[in-house]
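**Student:** The chain contents come next:
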Amino acid sequence: AQTVTQSQPEMSVQEAETVTLSCTYDTSENNYYLFWYKQPPSRQMILVIRQEAYKQQNATENRFSVNFQKAAKSFSLKISDSQLGDTAMYFCAFSQVGAGSYQLTFGKGTKLSVIP
Amino acid sequence: DAGITQSPRHKVTETGTPVTLRCHQTENHRYMYWYRQDPGHGLRLIHYSYGVKDTDKGEVSDGYSVSRSKTEDFLLTLESATSSQTSVYFCAISESWGSNQPQHFGDGTRLSIL
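Protein sequences, first through last, are from chains G and E.
Counted from 1, the first sequence has number 82 at position 82 by our numbering; the numbering is strictly sequential.
Just add 1000 to wherever you are in the second sequence, counting from 1, and you've got our numbering.
To be clear, the hints were calculated from the coordinates, so they are not data collected in a lab.
Note that the structure is predicted; figures quoted are calculated from it, not measured.
Be careful, since some hints might not be right.
[What the hints assert, rightly or not] Where chain E lies over chain G, by a calculated footprint (3+ residues, C-beta under 8 Å):
1. 39-45
2. 78-88
[What the hints assert, rightly or not] Residues of chain G placed beyond 10 Å of chain E at every Cβ, according to the derived structure:
3. Glu15
4. Ser22
5. Thr24
6. Arg50
7. Ala93
8. Gln103
[Unchecked claim] Pulled from the structure, derived: some chain G residues nowhere near chain E, Cβ distances all over 10 Å:
9. Val4
10. Glu17
11. Asp26
12. Gln56
13. Ala59
14. Lys70
For glycine and all other residues, C-beta sits at the position ideal for the given N, C-alpha and C.
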């Protein structure tokens, strides 16, 4: 079974600064997908970014980028130029490819606070 | 935003009563999922559906049943609610099997069982 670990329960960052959230995972599969979801106080689950394991290039979406280290099974999220609206819970999630790839396995989340 | 509506948004009920949560989608997506979110656990899959009348169990399915009689509706039922089922429940949908199509989530239902 796959597991996803987020070792930082809470983090804070000054507005306009850069912050990195950590995520490690455990799997015996070679092909899979990784995701970061954001959950603001409104409780919505919003997809931030996704990475396909067979792609070496790190995914980027505006101010959000990932550092994907496949051998180390690490998938960190970097938020640049942090904004007050980035305050939220962030969840790392894993999904394998192929038959049975119906389930997202989530980490326990990191609560990020952006300080003015 | 994906067209996903969960109802009710909030519910308080008593132990032993039956409870049904509804997820309605307007995207015509084939796959639908029910998760629960608890402090310290992230989100965990309860049941999922891969088509009308086609459902299967997830990680934490005990005490829950589901039904899908139409593409757009996926119902989650607690036959006899217990306090351990107090949680926030999320419905999700995806267009295709597998993770090349990400799951999109509803706004959640907060369920309290006293």
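**Student:** Which of the numbered hints above does this structure break?
**Tutor:** As far as the earlier hints go, 2, 6, 7, 8, 9 are violated by this structure, in ascending order.
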